[in-house]
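Chains as they are written, first to last, in numbering that gives the first Met the number 0: chain L, 0 to 342; chain A, 0 to 342.
Treat the hints loosely; a few may be bogus.
[Claimed, not checked] Calculated from the model, a selection of chain A residues having no Cβ within reach of chain L, i.e. all distances over 12 Å: (1) 74; (2) 161; (3) 197.
[To be verified] Residues of chain L placed beyond 10 Å of chain A at every Cβ, according to the derived structure: (4) 77; (5) 139; (6) 149; (7) 154; (8) 222.
[What the hints assert, rightly or not] Okay, derived cross-link-like pairs now, SDA-like style, lysine to any residue, Cα gap no bigger than 20 Å in a straight line: (9) 29(A) - 306(L); (10) 222(A) - 270(A); (11) 14(L) - 197(A); (12) 29(L) - 194(A).
By construction, these hints were calculated from the structure, which means they are not laboratory data. Glycine residues also receive a C-beta, built at the ideal position from the N, C-alpha and C atoms.
These are the residues of each chain, in order.
Number of protein chains: 2
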Amino acid sequence: MTANARSSLDDATIKAHLNNLTKPPGSLGKLEDVAISLCRTQGSLAPRTRPRHLAIFAADHGVVQAGVTAWPSEVTGLMIANILGGGAASSVFAHQTDTTLRLVDVGSGSPTHAPSDGYRDAKIAESTANLAEGAAMTVDQLEAAFAVGVEEAEWAAISGARLVLAGEMGIGNTTPAACLGVLLCDASPEVMTGRGAGADDVTLSRKLGVVTQASARAAALLKDDPTAAMAEVAGFEIIAIAGFYATAARLGFTILVDGFITTAAALVAEHRAPGTVRHMIAAHCSAEPGHRRMLDHLGLDPLLDWSLRLGEGTGALLALPLVDAAAAMVRDMATFADAGIEQ
Amino acid sequence: MTANARSSLDDATIKAHLNNLTKPPGSLGKLEDVAISLCRTQGSLAPRTRPRHLAIFAADHGVVQAGVTAWPSEVTGLMIANILGGGAASSVFAHQTDTTLRLVDVGSGSPTHAPSDGYRDAKIAESTANLAEGAAMTVDQLEAAFAVGVEEAEWAAISGARLVLAGEMGIGNTTPAACLGVLLCDASPEVMTGRGAGADDVTLSRKLGVVTQASARAAALLKDDPTAAMAEVAGFEIIAIAGFYATAARLGFTILVDGFITTAAALVAEHRAPGTVRHMIAAHCSAEPGHRRMLDHLGLDPLLDWSLRLGEGTGALLALPLVDAAAAMVRDMATFADAGIEQ
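Bound-form chain L, shown alone:
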């Protein structure tokens, strides 16, 4: 079944169903909007949110050499180990929500771990090149990273997932995400450049200079060669997530989108595979100032506005029980007729 066929349920039919349930019409507010999105993404009035799977894509970024981050690249590898060890926020929230978690190293400089269902070594390189000085990756590398994401979505399908989440770990990755935001939302570097995981004023100013210059280089390529334009400024994990999202949409999954980095990946996915966004629910609007602009560009209304800025898929994991509740409302509530109440 294609994504289009699955999405043939129209909003009026979904709303009519919601208005027959034993509650004043519209009285569950935003949860009813979530229910509509969920039914629409699955083309069903019996939407499912289980099993669900979180793929966290990790990579390092050459642009860290340009002094744009509060933390050194070594932290990427330490956090990969922490995620695998169960001590990271993403590990804890995935456990809480019965979400399977798989860490896919698509290009970090840290040591590899033993293969398992929870870990895959799919390194394209040990890091991107420094996008402050030239292209972050080659077009071949971009396609290879995208293909890793495609494979991960197919793997999720084989393992039975119905709803998928993506997360990321990569010190420095708000810089490529900001560049992609400038490139694909036609936004200014000032709007898209924020403090990431804690940049101070000097670092932020340096980061803005890098984003301004690199996104201008990419913009010059966009019309004639959009893949080269994205390769100029992207990160391996961002491109892998784009492949994951595009394929998840094609396979008819509901996609719960996380924060700034993953939304940059959503922009890439929508650019390469238009219509992907119709399978997306935005979990939250983060503290990173450009995130709202990206969500607006995609037409996504976030569920939480909680100033989250951690990444790893944590915002999507936090919002997941709200999507579960929307699904339960649609599936399990009695109708007015069931309850003998005249409307």
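Chain A: place on chain L using the hints.
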């Protein structure tokens, strides 16, 4: 142990603990605020959110005769049956979140059901009197309703609950809640009077007249006899919830407060047992316009702003997994030292 002793953990100690966890300090945004509230209410860095218990208090309101509602009083009884049958939003969300649910009929005009752990007949009367014409209840009735709530919190303690929620079902109950808001927040009737479960313009105008007149009568009594003032305009379920909250706080529970009606009960609880509010987390700010004013009066910052207006404890049930996540963060995340990361 008293509520005060349990609450002796100071915010600085809690924040220091959160800043040692493997995430950029503050990067979980509002979830960190929830974690601080949760630790504070339990006086512990290992807060628990299970087992959890929802008590739904139901009652009817004589003021429905004054034409202030969109639905007739019979719906209270039909919805009690629907909640007990598992088809109501509250039943569905309670099931989803492993929350035990008990419906306590504290004064409805509907038939009683067979006693069980999930149901208690504790009717004070078949309805309050019409507060548009005189006192809604006697002071003795108010004390009896409060006592039912006290017993229910004690019952929750015996059954092992660590976190409690209250909900309500009672056609017409936004009118007494609005009167209590005017009385206890020093707010205008215009701010406190909203559309409830769907009042049209004519009904809303009539409701505003009733709230204005009845709350003025109550206000005249407040200084000399606050219990009589509250009895003038309250509802049995609202007063029972106040007793439930006051006792839950005394017993050291975390209380997750739901919407407009339960927040009116929180105002009553705080008035009768000052300090109750320190055990509360506000789940959401509802579509009812006076709710924000009540929350501000109590100093509570709601987790969701989702335009919910259903009641039955549904908003608290929706927010519950977010509180679970806050607890899991505090308890289960690795520290930077664990992960070998220098801050």
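We went through each hint and held it up to the structure:
Residue-level check failed: residue 74(A) sits 6 Å from the nearest beta carbon of chain L, not beyond 12 Å. No beta-carbon of chain L is positioned within 12 Å of the beta-carbon of residue 161(A); the least distance is around 16 Å. Not every Cβ of chain L is farther than 12 Å from the Cβ of residue 197(A); the closest lies at roughly 5 Å, contradicting the non-interface assignment. For residue 77(L), the shortest C-beta to C-beta distance to chain A comes to about 5 Å, within the 10 Å cut-off, and the non-interface label is violated.
The claim that residue 139(L) lies off the interface holds: its Cβ sits roughly 34 Å from the closest Cβ of chain A, which is beyond the 10 Å cut-off. Residue 149(L), annotated as away from the interface, keeps every beta carbon of chain A farther than 10 Å; the closest lies near 30 Å. Consistency note on residue 154(L): stated as away from chain A, and its beta-carbon is indeed over 10 Å from all of that chain's, at 26 Å minimum. No Cβ of chain A comes within 10 Å of the Cβ of residue 222(L); the nearest lies about 37 Å off, and the non-interface call holds.
The suggested pairing of residue 29(A) with residue 306(L) holds, with an alpha-carbon distance near 7 Å, which does not exceed 20 Å. With a C-alpha separation of about 12 Å, the suggested pairing of residue 222(A) with residue 270(A) holds against the 20 Å cut-off. The straight-line distance between the Cα atoms of residue 14(L) and residue 197(A) is roughly 17 Å, inside the 20 Å bound, and the hint therefore holds. Between the alpha carbons of residue 29(L) and residue 194(A) the distance comes to roughly 18 Å, so the proposed pair stays at or under 20 Å and holds.
Checked against the numbered hints given earlier, this structure breaks hints 1, 3, 4; the rest are met.
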